[in-house]
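*Asks:* In case you want the letters, here they are:
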Amino acid sequence: MWSKDKSLSLSRILVWVLFILIPVLCFCVPTMVHWYDIVYPEGVGLVEGSVYFPLSATLYVSAVFGEVCLYHLMKLLDNLKKEIVFVAENCGHLRIISWCCLLVAIPFTFMGFWRFLSFIVALAALFFGVILRVLKNVFDKAVILQEENDYTI
Amino acid sequence: MPIIVNLDVMMAKRKISSNELAKLIDITPANLSILKTGKAKAIRFSTLDKLCEVLQCQPADILEWREENAD
Chain A
0 MWSKDKSLSL
10 SRILVWVLFI
20 LIPVLCFCVP
30 TMVHWYDIVY
40 PEGVGLVEGS
50 VYFPLSATLY
60 VSAVFGEVCL
70 YHLMKLLDNL
80 KKEIVFVAEN
90 CGHLRIISWC
100 CLLVAIPFTF
110 MGFWRFLSFI
120 VALAALFFGV
130 ILRVLKNVFD
140 KAVILQEEND
150 YTI
Chain B
0 MPIIVNLDVM
10 MAKRKISSNE
20 LAKLIDITPA
30 NLSILKTGKA
40 KAIRFSTLDK
50 LCEVLQCQPA
60 DILEWREENA
70 D
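First to last, the protein sequences are chains A and B.
Numbering of the first sequence is given in numbering that gives the first Met the number 0, commencing with residue 0 and proceeding in unit increments.
Numbering of the second sequence is given in numbering that gives the first Met the number 0, commencing with residue 0 and proceeding in unit increments.
Hints were generated in silico from the structure; no laboratory data involved.
Treat the hints with caution; some may be incorrect.
Claimed, not checked - Using 25 angstroms as the maximum straight-line C-alpha spacing, the simulated SDA-like pairs for lysine to any residue come out as follows:
1) K135(A) - V120(A)
2) K38(B) - V86(A)
3) K40(B) - D149(A)
Looking at chain A on its own, in the form it has when it is part of the complex (with noise of 0.2 angstroms):
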């Protein structure tokens, strides 16, 4: 039978496995973009020629982004399997996931500039990061209650 505690375990070992693969990922960008350069070698952006250099700095930037905001994740879900949920410190990892995400819209907004179809994935990015922040916001709201509802005799 699914529960909750199955799916907290589900996201647990979900956010491992990317925390492992993006390092793993990170071996494979240079073949990765050599590939992608062949295949697609005639993008539709401003500035044109080879995307070797900028796609390979995009990725690795984002791969660093991409790991901060994976291990605050855990972090997040250690406290909520130790049903710690509406303290300061989760407003903290949240407050920093969504600035990850924020900062990841401007690699992606740079290589917009060889590929356009890079600003969907800033802007993804950018929105993400807004719906985190106005998460964070609530939850700073729900530490303040959570609080009162503690020191209330």
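Place chain B on chain A using the hints.
*Replies:* This is chain B only, laid out in the frame that chain A set:
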């Protein structure tokens, strides 16, 4: 906060210990400590009712309002 909890004063007047009071008003000693030390954000009417009943006093004997920065 300008609301001062004078619970310890009333407890001393009635010669009642924290553990005893906590048991009588049905709250944990930890929560009573929060109340005594002024860390509490709010107090339920039901708790206040029990406190007044056990200590035989008025709410004003336990809670006091003082103007902020009145020193």
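*Asks:* Next step is simple, just say for each hint if it's right about the structure.
*Replies:* Verification of the supplied hints:
1. K135(A) - V120(A): holds (22 angstroms)
2. K38(B) - V86(A): holds (18 angstroms)
3. K40(B) - D149(A): holds (8 angstroms)
Against the hints set out earlier in the document, no violation occurs for any number.
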